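Work out the full structure: start from the sequences and follow the hints.
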Amino acid sequence: MKHLDEYRDAETAHRLAAAIHNEAADSGRRYRLMEFCGGHTHAIFRYGIEDLLPSNIEMVHGPGCPVCVLPTGRLDMAIRLAKRDGVILASYADMLRVPGSKGQSLMKARADGADIRMVYSTLDAVKLAEANPQREVIFFAIGFETTTPPTALAIETAAKKGLTNFSVFCNHVLTPSAIAAILEAPAVRELGTVEIDGFLGPAHVSVVIGSQPYEFFAEEYRKPVAISGFEPIDILQSILMLVRQLNEGRAEVENQYIRAVTRDGNVRAKQAVSRVFELRRDFEWRGLGHIPYSALRLKDEFAAFDAERRFDEPYIPSEGIKACECPAILRGAKKPTDCRLFGRACTPETPLGSCMVSSEGACAAYYTYGRMREPAQ
Amino acid sequence: MNIAPRTSRLSTRRLDLVAGRVDLTHGAGGRAMQQLIEEIFRPAFDNPILARGNDQAAFDVAAGRMVMSTDCFVVSPLFFPGGDIGSLAVHGTVNDVAMSGARPLYLSAGFVIEEGFPLADLQRIAISMGEAARAAGVAVVTGDTKVVERGKADRLFVNTAGIGVVPTGVEISGDRARPGDAILISGTMGDHGVAIMAHRAGLEFETTIVSDSASLNGLVADMVAAVPTIRVLRDPTRGGLAATLNEICHQSGVGMRLDEAAIPIKPEVLGACELLGLDALNVANEGKLIAVVPAAEAARLLTVMRAHPLGRDATMIGDIIADPSRFVRMATRIGGERIVDWLAGEQLPRIC
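Protein sequence lines, in the order shown, are assigned to chains A and B.
The numbering used here puts the first residue of the first sequence at 1, with every later residue one more than the last.
The numbering used here puts the first residue of the second sequence at 1001, with every later residue one more than the last.
Calculated directly from the structure, the hints in this document are not laboratory data.
Note that this is a predicted model, so its numbers are computed, not measured.
Among the hints, erroneous ones may be present.
Said to hold, decoys possible - Here are some chain A residues pointing at chain B (derived, C-beta under 10 Å):
#	residue
1	Asp9
2	Gly48
3	Thr368
Said to hold, decoys possible - Pairs of lysine-lysine residues, derived as BS3-like cross-links and limited to a Cα-Cα distance of at most 30 Å, are as follows:
#	chain 1	residue 1	chain 2	residue 2
4	A	Lys299	A	Lys161
5	A	Lys127	B	Lys1152
6	A	Lys270	A	Lys127
7	A	Lys108	B	Lys1152
Using N, Cα and C, we set each Cβ at its ideal position, and we do this for glycine too.
Below is the structure:
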């Protein structure tokens, strides 16, 4: 923990906050910085980082929450898979309470008798398949590039062990596609976006993919990127980097998280992913709509481990709740408190939208750590 | 049916406390059940009220205010570093009674046992309960045993109920916190929950953390004797410090302002929480208490708490403020502010 204390030190935080004030306060401009990753959103609220920033710096919350961006239709598929005879659906706990269509959720399906198990890793799901040879074990795989390599390894492990009762319902999505969609996709533009001056780049995702993929955004869109760790000192330092870049008219990829991120990322992890997965032609994101080549699917040689093909389960798009502002919140176009359901019908106990369920969702962060900032309702 | 001869043959032999297992006859109300009680529970709990062998305990009642509490224990694993389901079942109810300022006197104990449960484990748990009760100065005076078919319960569930008597002049309740009062805690947060999680299947990792499970009635007696004006006492069990502080705010209609830097958390606990993505303030304790006290008495109460072995690390963590929204606010280490909220959903089931 000594290691972490360094990144939570009050004195360093105050020094950085003073430097940010020095750089930003008299510039006469606004800084709209999107933290892509839900982990950053939570850290910002959990440590009260906004209290240390001048009022002309606005943190815009991005779509980097895998639970949040999964569209209702994909969740409905998971529920249908879980309800099949003989199936055990292995899922991360975060997914269980996410509302599907018609008030359904995995938690409700479980109460209705579906066999849904919470696992902490993909290999737990493989073990589950080994222990239950007479059952079909489906792993509900979600996540950005951070969680994709473990899924790839689990599939390879299952293949090596000759398991015939293990499959993956793959919902792995790609960070650069989502950033590009926010910056340029006409479809996303039509849905309504917000002007963004710079990006706080993801920490764990970048450990895997490296800093190189962001260079395109810096060059092509003239948006500075600072890849940031998850600790308060990391975030403050990254904000300072972005403010300095903007003041100096630079648009570069800077790496604050040098203790974990390299330009090329984790080559072995990337190789594992490319052995097992290929790009999907199209994937629907909650809030961002259909984005071509923004997600992964299993390669044909691993088709036997692909739950979608194995069970021939179709994707049926679903609207979700109309009043729920999750889609606009995920694009950064609205704040959680702009949603009329927030804190009233929709709370962490009774979530109506995915952003209130996930431990990385912006609504959950606002509600759990920051709702004293809003006038009493 | 040959149950009768088998039962009678068993009852003539002593229980096999090495390799034997609980079977359905042990809950059937016959001789086998009698034998279970005689050979395991009665010696472990050993006291004159229980020894009379009635279906109820009879004892004289002190004049004044009595308190009563009950709690069920379904913890998994049954044995964990720093305790087991038996000691936990005593500590939990003793503490619930003590948090009124009362002196706990008597406990009852109920057991739901899954068919096939090893008799050796049952005995070990009963002995642990007896020891915990004696250490807390309470007696287990009545009890019940049920055996259910394999698969209908997970090994062993325990219920305890307790009663105690409140010293005159003491008026402790969750609705008595007032703006200006000080909030004290008796020690480090999160030890029990992390000790359990570390040993839970699927979450195995090496740690030296031991559950803080303990009876707090001795500490409470010292506190109440020195500062009878204590307004609120509560043990932050399930949901941790965060949940308990929110409960107090809601009951009393007040808000709180905490100082994150003042809340003691062991580095190992913090490390484990990092690894598991938990907030130590949501993690359960089984041997810690929160006290709300008029600010003028805070320093004196802290001295008394620190003089007791279970209050050595006692510290003041914040104060009560007027707030119609009843928020628990916390100044973060780096100088920001956030809410400390109830945990939504279940962090991890069956920690107590």
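Below or equal to 30 Å on CA atoms is what counts here, so check Lys108(A) against Lys1152(B). OK: Lys108(A) and Lys1152(B) at ~22 Å, within 30 Å.
Was the hint right that Gly48(A) lines chain B, CB cutoff 10 Å? OK, holds: Gly48(A) within 10 Å of chain B, min 2 Å.
Quick one, is the Thr368(A) hint okay against chain B at 10 Å, beta carbons? At 5 Å from the nearest chain B Cβ, Thr368(A) passes the 10 Å test, so the hint holds.
Closest C-beta approach of Asp9(A) to chain B relative to 10 Å, hint status: OK, holds: Asp9(A) within 10 Å of chain B, min 8 Å.
Are Lys299(A) and Lys161(A) close enough, with their CA atoms no more than 30 Å apart? Satisfied, since the Cα-Cα distance of roughly 19 Å is no more than 30 Å.
For the pair supplied as a hint, Lys270(A) and Lys127(A), confirm whether the alpha-carbon distance does not exceed 30 Å. The hint holds at about 24 Å.
For the pair supplied as a hint, Lys127(A) and Lys1152(B), is the alpha-carbon distance within the 30 Å limit? 25 Å, holds
In this structure, none of the earlier numbered hints is contradicted; all agree with it.
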